[in-house]
Structures are given as structure tokens and as C-alpha cells.
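The listed protein sequences derive, respectively, from chains B and R. Quick note, the first sequence lines up with residues 1 to 115 if you use our numbering. Quick note, the second sequence lines up with residues 1 to 112 if you use our numbering.
Hints in this document: simulated from the structure, not taken from any laboratory. Don't be surprised by glycine CBs; every beta carbon is placed ideally from N, CA and C. Watch out, some of these pointers could steer you wrong.
Below, a list of computed lysine-lysine pairs in the DSS-like style, where the Cα atoms sit at most 30 Å apart [what the hints assert, rightly or not]:
| no. | chain 1 | residue 1 | chain 2 | residue 2 |
| --- | --- | --- | --- | --- |
| 1 | B | K44 | B | K57 |
| 2 | B | K57 | R | K17 |
| 3 | R | K71 | R | K109 |
| 4 | R | K57 | R | K109 |
| 5 | R | K99 | R | K57 |
| 6 | R | K71 | R | K17 |
| 7 | B | K9 | R | K109 |
| 8 | R | K57 | R | K71 |
| 9 | B | K57 | R | K71 |
| 10 | R | K99 | B | K44 |
| 11 | R | K17 | R | K57 |
| 12 | B | K14 | R | K109 |
| 13 | B | K57 | B | K14 |
| 14 | R | K17 | R | K99 |
| 15 | B | K57 | B | K9 |
| 16 | B | K14 | B | K44 |
| 17 | B | K44 | B | K9 |
| 18 | R | K99 | R | K71 |
| 19 | B | K44 | R | K109 |
| 20 | B | K57 | R | K109 |
| 21 | R | K17 | R | K109 |
| 22 | B | K44 | R | K1 |
| 23 | B | K44 | R | K71 |
| 24 | R | K1 | R | K71 |
| 25 | R | K1 | R | K57 |
| 26 | B | K9 | R | K99 |
FRET-style restraints, in silico, Cβ to Cβ [unchecked claim]:
| no. | chain 1 | residue 1 | chain 2 | residue 2 | range |
| --- | --- | --- | --- | --- | --- |
| 27 | R | S46 | B | V50 | 17 to 25 Å |
| 28 | B | E103 | R | S83 | 15 to 23 Å |
| 29 | R | K17 | B | N62 | 43 to 51 Å |
| 30 | B | E79 | R | E15 | 35 to 43 Å |
| 31 | B | D56 | R | K109 | 21 to 29 Å |
| 32 | R | L11 | B | K9 | 25 to 33 Å |
| 33 | R | D69 | B | S84 | 37 to 45 Å |
| 34 | B | D56 | R | N59 | 27 to 35 Å |
| 35 | B | M27 | R | L11 | 32 to 40 Å |
| 36 | B | E103 | R | K109 | 48 to 56 Å |
| 37 | B | L80 | R | T56 | 19 to 27 Å |
| 38 | B | V50 | R | Q3 | 20 to 28 Å |
| 39 | B | S84 | R | T20 | 34 to 42 Å |
| 40 | R | G60 | B | I15 | 45 to 53 Å |
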Amino acid sequence: NAGVTQTPKFRILKIGQSMTLQCTQDMNHNYMYWYRQDPGMGLKLIYYSVGAGITDKGEVPNGYNVSRSTTEDFPLRLELAAPSQTSVYFCASSHRTSGGYNEQFFGPGTRLTVL
Amino acid sequence: KNQVEQSPQSLIILEGKNCTLQCNYTVSPFSNLRWYKQDTGRGPVSLTIMTFSENTKSNGRYTATLDADTKQSSLHITASQLSDSASYICVVSSGGGNKLTFGTGTQLKVEL
Numbered sequence: 001n002a003g004v005t006q007t008p009k010f011r012i013l014k015i016g017q018s019m020t021l022q023c024t025q026d027m028n029h030n031y032m033y034w035y036r037q038d039p040g041m042g043l044k045l046i047y048y049s050v051g052a053g054i055t056d057k058g059e060v061p062n063g064y065n066v067s068r069s070t071t072e073d074f075p076l077r078l079e080l081a082a083p084s085q086t087s088v089y090f091c092a093s094s095h096r097t098s099g100g101y102n103e104q105f106f107g108p109g110t111r112l113t114v115l
Numbered sequence: 001k002n003q004v005e006q007s008p009q010s011l012i013i014l015e016g017k018n019c020t021l022q023c024n025y026t027v028s029p030f031s032n033l034r035w036y037k038q039d040t041g042r043g044p045v046s047l048t049i050m051t052f053s054e055n056t057k058s059n060g061r062y063t064a065t066l067d068a069d070t071k072q073s074s075l076h077i078t079a080s081q082l083s084d085s086a087s088y089i090c091v092v093s094s095g096g097g098n099k100l101t102f103g104t105g106t107q108l109k110v111e112l
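Kindly produce the complete structure, drawing on both the sequences and the hints.
Following this line, the structure appears as C-alpha cells:
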């Protein structure tokens with residue numbers, strides 16, 4: 001199993017450009033998440049999904065959109081890139097287990113710079 | 001507001017030595033507490049997960065403790081190795097386990 005994969009690994013965008021960060025998991029997990037990690041800060045949840053066709057906002061959703069058409073894929077869309085969106089983006093997935101453990105497995109991250 | 005605070009912010013130790021990282025949290029309702037290891041340029045990897053009824057949990061040379069009364073946790077690393085150099089992140093979950101509050105991490109460097 002590849003686990004959680006993310007593409008691209010690095011990207012530089014100009015202000016106002018748009019792009020889609022790809023995330024795929026092969027563990028048949030129902031839950032998927034997008035986080036951003038800024039220097040010196042804890043990870044912040046952007047959006048999450050509890051299953052195909054269901055998405056919900058996290059703590060910092062402004063400027064982003066998501067879709068979940070399949071169990072495997074959970075792309076994150078930036079429509080009008082801004083310098084404040086310069087960050088490292090992590091996708092994660094989990095399978096709901098008893099006791100609420102639902103351990104989250106993270107992808108390797110996408111480092112995005114907006115200039 | 002849910003918060004997770006970690007100390008120290010950074011730590012340098014010699015290979016073979018032990019160290020303890022601290023985590024204090026104010027998260028409600030509490031579901032479980034996790035410690036993650038994040039190597040530079042990689043995603044976080046889970047080390048331990050503990051519910052309020054678990055006081056101690058080990059994963060090889062990593063031992064996590066939890067005091068749910070004082071809302072404190074620690075991660076003890078025994079006989080450190082160069083490969084232990086990483087950021088260690090304390091994460092507390094609430095609301096059934098899906099809502100996570102992340103600490104800012106302790107940056108550990110192990111030197112020869």
C-alpha cells in the first residue's frame with residue numbers, strides 16, 4: 001500500500017493564480033482531511049470529509065474549496081492564490097474505529113509558495 | 001478555546017541520552033491524546049494514542065504518559081539515536097476523535 005500520496009511536492013504560484021492539490025489514499029478510509037502547517041504553528045484543519053459526497057469546513061476554510069467524488073481522492077482547490085496561503089499542506093485519512101481512536105495517516109505534504 | 005502547549009520549544013541532546021518532552025492541554029471534551037513524530041520535509045507519523053483511562057503507553061524507546069486530572073502528558077525517549085532528530089507534536093482530540101488540536105511541537109536534535 002502506498003498510503004496517502006500528494007502531488008505536487010512543491011509549487012510556486014503567482015498572486016491570483018489557481019491550482020489544485022491532489023490527494024489519494026489506498027487504505028479505503030472513509031475520513032479524509034486537509035491541513036496547513038505554517039512555520040512555528042500547529043497544523044490547522046482546512047476541510048474534511050467523512051465519506052464520498054460529504055465535505056465540511058474546518059478551522060481555516062477561507063480561500064479553499066474541496067470535493068470528494070470517490071473514497072480515494074480528496075483534492076483541494078485554491079481559486080485566487082494569495083501570499084497568506086504560502087504554507088505546507090498535508091492531506092490525511094483515517095478509518096473510524098471503536099473508541100474514537102481513528103488514527104490519522106498523513107501524506108508527505110505539498111510546499112506551496114505564493115509570490 | 002482549545003489549546004495545546006508544548007515545552008521545550010527545542011532541545012539538543014547527545015546520542016544515547018534520555019529526554020522528556022512536555023505537553024499541557026486545555027481541550028474539552030477530551031477524547032484522546034496523541035504524540036506524532038515529524039521528520040523534516042515529511043508528514044507526521046503517529047507514535048502513541050491514549051484515552052483518559054490510559055496512564056502510560058510505550059512504542060519501542062518512546063513512552064508516553066497521561067495525567068487526565070492535571071491535563072498533562074509527557075513523551076520520554078530512551079537511549080536516543082540520531083534518527084530521533086525530528087519535531088514531536090502533541091495532539092489532543094475531542095468531539096468523538098475527529099477534531100484535533102495540534103501543539104506547535106518540540107524540535108529535538110540528537111548529536112554525536
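Given hint R:K109 paired with B:K9 - CA-CA distance at most 30 Å: holds (25 Å)
Hinted pair R:K99 and B:K44, Cα distance within 30 Å: At roughly 10 Å apart (the allowed maximum being 30 Å), B:K44 and R:K99 satisfy the hint.
Outcome of range test on Cβ distance (B:M27, R:L11; 32 to 40 Å): About 33 Å separates the Cβ atoms of B:M27 and R:L11, which means 32 to 40 Å holds.
Hinted pair R:K71 and R:K109, Cα distance within 30 Å: Holds - the C-alpha atoms of R:K109 and R:K71 are around 26 Å apart, at most 30 Å.
Agreement of B:K57 and R:K109 with the hint, judged by alpha carbon distance not exceeding 30 Å: violated (36 Å)
Hint consistency between R:K99 and R:K71 [alpha-carbon to alpha-carbon, up to 30 Å]: Between R:K99 and R:K71 the Cα gap is close to 17 Å, so the pair holds against 30 Å.
Range agreement (Cβ of R:E15 with Cβ of B:E79, hint 35 to 43 Å): Given range 35 to 43 Å: violated, Cβ gap about 48 Å.
Range hint 27 to 35 Å (beta carbons of B:D56 and R:N59) holds or violated: Since B:D56 and R:N59 have Cβ atoms about 31 Å apart, the given range 27 to 35 Å holds.
Pair hint B:K44 and R:K71, alpha-carbon separation not exceeding 30 Å: Holds, because 21 Å separates the two Cα atoms, which is no more than 30 Å.
Satisfaction of the hinted span 37 to 45 Å by the C-beta atoms belonging to R:D69 and B:S84: holds (40 Å)
Hint check for B:V50 and R:S46 - Cβ pair distance inside 17 to 25 Å: This hint holds: roughly 20 Å between Cβ atoms.
Pairwise hint evaluation, R:K57 against R:K1, where the allowed Cα distance is 30 Å at most: holds (27 Å)
In terms of the numbered hints stated before, the structure departs from hints 2, 12, 14, 20, 30, 31, 36 and 37, listed from lowest to highest.
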